[in-house]
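Chain A is already provided as a structure; the job is to place chain B on it using the hints.
First to last, the protein sequences are chains A and B.
Using the working numbering, you'd call the opening residue of the first sequence number 850 and step up by one each time.
Using the working numbering, you'd call the opening residue of the second sequence number 6 and step up by one each time.
Simulated from the structure, these hints should not be mistaken for laboratory data.
You may find that some hints are simply not true.
Stated by the list, open to error - Cut-off 27 Å, straight-line C-alpha distance, at most; resulting in silico cross-link-like pairs (DSS-like, lysine-lysine):
(1) B/Lys381 <-> A/Lys1260
(2) A/Lys978 <-> A/Lys916
(3) A/Lys989 <-> B/Lys158
(4) A/Lys1012 <-> B/Lys158
(5) B/Lys318 <-> A/Lys1001
(6) B/Lys171 <-> A/Lys996
(7) A/Lys1001 <-> B/Lys170
(8) A/Lys996 <-> B/Lys381
(9) B/Lys318 <-> A/Lys989
(10) A/Lys989 <-> B/Lys138
(11) B/Lys170 <-> A/Lys1012
(12) A/Lys996 <-> B/Lys170
(13) A/Lys1001 <-> B/Lys171
(14) A/Lys1247 <-> B/Lys381
(15) A/Lys1012 <-> B/Lys318
(16) A/Lys1162 <-> B/Lys138
(17) A/Lys1350 <-> A/Lys996
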Amino acid sequence: MTKNLSAIVIGGGHNGLVCATYLASSGVKTTLLEARETLGGGLSKQTLRDGTAVPGLIQTHHSLNDKIARELKLQSTPCEPLPTTLLSTSGEHITLMGDKVSGAGVSARDISEYRAFREEYLSYGKALKSLMLNTPPRLKHFDWSDKTVFAKLGLDLRFGLGKAGLNEFLRVAGMNLFDVLEERFSSELLKGGIAADALFGNHAGPKTPTTVLPMLMRLFQETGSTASRQVAQVDNLAGQLAEAAKSAGVEIKTSTTVHSVVMDNDKPTGVMLENGDILNADIIVSNADAKTTFLKLVGARNLDGMFTHRVTKTRTNGDVAKFFATFDATPKFTNLSQNASSGRFLVAPTLMYVERAFNHCKYGEFSEAPVLDIHLTTLDNGKSLLSANAMFAPYNLKQGWEAGRAAFEDKILDILSLYAPGIASQVACRELWSPTDIEKSFHIEGGHWHHGEMAIDQSFMMRPVPGAGQYGTPVPGLYLCGAAAHPGGDITGLPGRNAAKQILADLKGRR
Amino acid sequence: MGNSNKTYDVVVIGAGHNGLTNAAFLAKSGLDVLVLEKNDYIGGATVSRELEPGWFYSNCSYVCSLFRPEIYQALDLGRHGLEIVPLQGSVTFSQSGDYFGSYHHSEIRRREIARHSQRDADASIRFDADLMKWCRLIRGMLLRTPPDPTSFKPRDFMEFAFLLKKFHELSEDQIYQFIRFFTMSIAEYLEEYFENDLLLAHFSGGSIIGTGLGVYSPGTAYVLLHHAMGDVDGNVGSWGFARGGMGAVSGALASAFQAHGGEIRSGAEVAEINVSGRTATGVTLASGEVIKAKKVVSNLDAQRTFLKVMNEKDVPPDVLTRARNFKIRGSSGKLNIALDGMPKFPTLPEGSPLTLGHMHFTDTLERLERAYDDWKEDRWSADPYTDTLIPSQYDPTVAPPGKHMMSVFVQYCPVEAEGGWTPEKKDAFGKTVIDQINDYSPGFKDMIVHAEVRTPKELEEEVGLTGGNIFQGELTLDQLLFNRPFPGYAQYRGPVRNMYMCSSSNHPGGGVMGAPGANAAREILRDLKRTDTTPEDFGDD
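Bound conformation, chain B alone:
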């Protein structure tokens, strides 16, 4: 280690799940790859951390649904210890003392919808069918490099032809409906199907997770897909827990990488990407050590990549402007709570399976939208939307026997709380969330052994996500597909030769998906004219 004369084939900056995915495919093809990680632990935002003895928090990302099964299979992650446990159902509690449970079993689910509205139960058949159609269409685009709409290269033409063909398989009316789905707000999209307030609130929640948008913001209907297109064991739309917490995902990826001869150095922060004659030559660490490499891959978000580790003189001025204008505002907070026992939710019938899934406590579109209005003013939501899970019910490895671990994802939480975060404000934010849960689970507060409160600021400082944005860049139309991270740079290549980008700032974006890492690996192998080790899309059925 640290042999300064050695030149690696590739050095990857950042051991998040995309960096590891990228490195694993490159190592698999026989390249000599080094992954550098600034923290003492690997995984980036895909980690399990023992902050209270006995409890393992997935303290950033918390469920595993988007991770591409193609990657799981190609890297044989099962053999490297990754086990994903499907998680079932979800529930929204209403203020009137009722609840809506979305069960995994479609017939039971429909009966539950009918309990609230028979018309909505009928509409749900149409809704599910439509959503599945869009899921399949989008899923086929995940493991592909977006075409450049301004280019005349045959490759870009071919890629456009591929996309057009996909569309041509739809009927004319379906094409219009797809465009509308892509550009509508989740609330307005759902209102075309449903009428019941509780149902509308329940189904719209997933569309605002991680975004700087509200349920009435155009473009949020698409985000629903982002949270619905994952699959576990071939079940599209299922979510799952990684056994042992999210750290198990990065652990398996690292193990696969190392099995192919890869090398990981943690505690090694990169200060700069070295460039000579418009060609990347390696990196300089914060310690001053220089590491030489034929190719440099950045798994940092677009702003950190272009504005921090690259020297300003190596980046064209218009690209610097684009990087500065990249939208990467954080909007989510999180509470990780160690519990003395299993909290009770008296609203639910005795023995209900609904505590096993996602729990939400906001029952109208208006409450959801008002939560967003707070964020626009740099305040955390006074009445937040939360995605609450208790994974210890499935996975005994994350909490001591008889105890439980709760993960509360909170929307919205500002990057700077009106003039900056202070410990007092952080406590007040945590209290807001805990009080909300306590309203539905009497005695909940007294069960808390330890609670970790995380704001976008911690995500930025610890993990390195600029602005604490969980998707490494907002998922709005102007930052999707060939616009991600910005026009002209959507094909994973950086502004200098031999430099690449593999983070979620690139297509197809955030979530623990692995696709940007795999896509970038494919481009690198292509440039090196080596055999492609990255998987193709499974295709449907």
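Chain A on its own, in the form it takes in the complex:
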């Protein structure tokens, strides 16, 4: 039924690869175009100025949903689970590993409460399964699949969670992390760590209402498989996805930048490349963010004015900078065993620390005391690499990133020095990618981790904007398959998979 049809996927990020693989597996002649030399987007390896190879934008992730791994026949290499250590200046660090908390300063009550908390929120995640693994249903003109999704969601919520569970879910779903965590835990360090982990990539502090949502989205990933219950170091996921795409028959062209979508009477017929070449296809799928897709590739002249207005107003400015530092010898963190010095560390000592760090970015300033997600590895040449996600670093920095870059690097090192005295003087080479750098090198408008804020008004059937919330767009034959579409960012592959399913269903209907 899908024979003799062709599709072009714009962008070889992980969602683009996933989507292309599904399409090609179903017999659609699929071509994937990637502007960069490497595939995988944020997952692809990068090189620093001093020649050091680094994992790229993403340092750790949960493994892909079992369903996707199975359907794409990925060789799932069991990934090494990575404990997360919450750093404390007093040296009383806390380590999180799955459902377990350990550390000198943690009370027995917090330990058992953490287990209960995880269990409860994972059950909410599970109850949302039918919403996450399908095209978000429309809210008025339901078709059969919309009704099925709604019915399954309703049943999972009412009977999966039970009366008390549903009551509590409906309460916390609209809450902020600050109040939720204050209700449950006493350790400041634990609360700060949980909040920071949930907030990375978003323009929000723990006191921002509805911040339970990004935490739920992240926890949903953990319900996908037993392996995904742990955060894992990035291995060769990009390579595996590229292999899967190739063996499914996807034609991949790297270093091929798309200039625009070619339109003929309001219908896309193909794409024009930067070099002027035109490639034709029946279906165009964009892994790019919504602003790039609609405002740059399609162009406002081909769209309804109100729709363009809404796309323009989506919140897509990133708040996370990436910081790298290399060391000739492994830097020493206070009170961490040698063994623990490769791993994942969070600097978010209290909820108010995170909130104060967020305050600055509302006004176009970077945090005086940033929140850090640190990853330490030993390089092949024996050197040590520290890579860190640092928030909050606003895209629209008032002083501009050229002027502010060194100052923010210094702030990061000042904070690191509190936990690893003397670290600043040991740095061999350092490099910071601001959201503006990320925008440029990864082609993400605003440099946003999730291609747009993961807030309720930009989620589900409203992601990226109403009218384009079911992977299809107002341009018939043009689809979204990236993090700009439901269920959004992080490394999940879900937008890619759900988009492919929707495209195939539409093609089937067309025939």
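Structure of chain B alone, referenced to chain A:
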């Protein structure tokens, strides 16, 4: 009075406006109702108090806009002396010496917007139309009991069907826009319409009043509605002054209640709700006196109700936890100022009508948000948002001839100012506010005859609002509709038989609205199988 053998049909704890509304409807249906009030005066936070001879301060709530016209009519409050004078317009002064005036007349208002930005003037047509749409949708839900989303009872199903039908009347795109409106921050919502900083600041102010949120906090766009859906004389979105101050509202309610045979006892603090065999039997006063009643209604906020006047053993443990976790942090302060004359605002043209309305002195979103950042740190805002009104321009009964009374609502003010309030801190807080006004009204300071400074602490101590929260519980998504005050207790019934709740801690929440009181009365009459005396929503048009 005080006949200890007597058993009342209903005893209502607290003579705030919701307690009185509730009691009035119950008395109207022929029940024998007693209202108990701990203070020597009635009204709760709906009062007019003469703290300086000649001046009557509405020293808590200060404008009347949300009060349901259906209740006004059903209780015939006009005949009981309540007169509401519509109040016109509002103004925000900018630091550059300009101002934005929001006039009542829509054409003049649009011209004023165009003076600042032509594009915003065009957008304001779309903005007004959208806002009115949401107002009408929400207004239809105010005088109804929220359904329980976990219940399988036919009644809850019917209520959900009603709500779904309301939504189904909207187009698909309107449904999405409504959800977005409900979950967005006021700043981001407004930025979808407007571009001018002064306008953005002006229109966002109403959304933070009384909340523990900032202009960039999701969920604040909805609060705009909470302040825009009231109506005076059928004009949706209008605000008004009660002639004689807010005490006139509670006075009229009390008069209506008494006309139906109701009884009010002030100076009678309730110490405990008496429960026997999981059934409420009456109350014990602080004096030790026991009053028997077949039904007990609490107009206290949810924390006071569940944690103070109820005995711990009468409340299920999970409900106790819910009550302790109820979010009820105060965030607002107030200054009530007696003035020797009418202050001058040289920024405004001579004879401008804008002093008749709300006056604001914060002209950017950043200043508003920074005011919130202070509150998060338990500090009062160094550069606060104020809602300043001079009601004596309309109502000669609240100040001596030639003199004026000014009401300054201040956002934000913490429950505890970094380690607790002291008289010095209170003075410093008052000075911060007065200095800000003085910047725009030279000589203002010298006109002050008397100023009362109120922090959330006074609201808690005098009125009895926990944490000094003016809405008796924050208006965030987790505490709205069927979640208010907490899941499973949103239908006005308490944890024991024959006990009810009618305060603003219940749906549809705070403001001098009367709806929680009327809704609770409807549930009580329903349980008693008596004729419903509470009004239905007027509906639109």
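Check your understanding: Which of the stated hints cannot be reconciled with the structure, identified by number in ascending sequence?
Key -> 5, 8 and 9
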